[in-house]
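Keeping their order, the protein sequence lines are chains A and B. Position one of the first sequence corresponds to residue 1 (our numbering), numbered consecutively onward. Position one of the second sequence corresponds to residue 1 (our numbering), numbered consecutively onward.
Worth double-checking, as some hints may not be accurate.
Result set (DSBU-like, lysine-lysine): computed pairs, CA atoms no more than 30 Å apart in a straight line [claimed, not checked]: (1) K80/A - K147/A; (2) K66/A - K80/A; (3) K15/B - K290/A; (4) K217/A - K73/B; (5) K77/A - K36/B.
Everything labelled a hint here was simulated from the structure, so no lab data went into it.
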Amino acid sequence: MLKRLKNNTGITIVILLIIILLIGTATMYRSEQTMMDKGTVIDTATNLPAPEKLSHLDSLPYFQYKIITDSLQKLAKIEKEKNTIHPWGYIAGISIMNVTGMGFLPTFRTWYGWYGDNKSHFEKEYYFSISGFHLTPEANSYFKDGKYYLQRESRSPEEISIGYLPEHKTILIPISSRSYSIGMVCMLILLCIVYFAASYIFLGLSINVLLNISRGKVFTETNIRDLYLIAYVSLGGFFIEIIFPYFGSIFAMSIIPQGFSISFSYLLSNAWLDGLIGLVVLAIAKAFSKGYQLQLEQDLTV
Amino acid sequence: MPIVVNLDVMLARRKMSLTELSERVGITIANMSILKSGKAKAVRFSTLEEICRILECQPGDILEYMDDADYNKLFNK
Chain A
1 MLKRLKNNTG ITIVILLIII LLIGTATMYR SEQTMMDKGT VIDTATNLPA PEKLSHLDSL
61 PYFQYKIITD SLQKLAKIEK EKNTIHPWGY IAGISIMNVT GMGFLPTFRT WYGWYGDNKS
121 HFEKEYYFSI SGFHLTPEAN SYFKDGKYYL QRESRSPEEI SIGYLPEHKT ILIPISSRSY
181 SIGMVCMLIL LCIVYFAASY IFLGLSINVL LNISRGKVFT ETNIRDLYLI AYVSLGGFFI
241 EIIFPYFGSI FAMSIIPQGF SISFSYLLSN AWLDGLIGLV VLAIAKAFSK GYQLQLEQDL
301 TV
Chain B
1 MPIVVNLDVM LARRKMSLTE LSERVGITIA NMSILKSGKA KAVRFSTLEE ICRILECQPG
61 DILEYMDDAD YNKLFNK
């Protein structure tokens, strides 16, 4: 059986991908179950966990009650904006993050002042980001007054040195503006190379194969080589997307606090399409390879 | 492949050129050349039948099996 698998790379890759898919699904199911077990009620208006006890101001006239609640809501909104990290320049950051899971990210926080000065406030910060991280269900990370906190269940909040974007499953390691500038330039160069190579392989070679087929050159060595290249680059991309965040976590192990771990299901949900394209193109390349052999045999039949 | 094609021997015996044979059999000279040089991977029965009819011989006169040692010795492989 093992010998047979060794001889057939296609089957081996398929079996490996099925195993990875099963593990990913199981992880996703387990994390969902834990969330459900926790029984958190989400307030759909604010998209935040609803308070356990609601405050009542029954003794006030409605207009006074309305003024107070509006003011409280405005205050809460300002506090929220003040303590929310918005990714900025995310296009370049996220593009390379899609490939490697790592990137350099400028972020901003902006809010309108209310306490006396009615000015708008703007703060810009720079981060090295690694995506694919999730918090264990009992932990919560938040940003308050310029500091990052991690609260684990039944413990008081502890200050940590990294930020977290839960919607992007990305941890943010603060860096200086100079490091950001250097990193961003390197990343943009890398991005250009990656996009150029990807355009050539996925667009150029695909068009080349289609043109060859339309010219009647179907089962040729060039087509087979191009198809194999597309397939291996796709599969390589799939494995890089899965593996790189693990490298990133090893690199930043000393500053990532307990409670953060890599979400395999998230990585898989981002990378599955590359894996699927790679497998499909690999199957086509194998078929073309067989076709080429048959063509040769046919050409040498008299 | 240790199947040797003796088409050139039969052509010499019948004093016939490869061009004439290919024209009479109805296949291209290029394909007949592939058969004669032993590069062919397969021969259709219809082609073999025509060759045998024109050269008035048996398939065994054209095709011969040789073991690997003799074959390698003959072709210096």
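Please work out if K217/A and K73/B have their alpha carbons no farther apart than 30 Å. 39 Å, violated
Between the alpha carbons of K80/A and K147/A, is the straight-line distance 30 Å or under? With Cα atoms ~14 Å apart, K80/A and K147/A stay inside 30 Å; holds.
Would you check the hint for K66/A and K80/A, treating anything up to 30 Å between C-alpha atoms as holding? It holds: about 21 Å lies between the C-alpha atoms, which stays within 30 Å.
Tell me if the straight-line CA distance from K77/A to K36/B falls inside 30 Å. 89 Å, violated
Regarding the pair K15/B and K290/A, is the alpha-carbon distance no greater than 30 Å? Cα-Cα ~42 Å, so violated.
Checked against the numbered hints listed earlier, the structure breaks hints 3, 4, 5; every other hint is satisfied.
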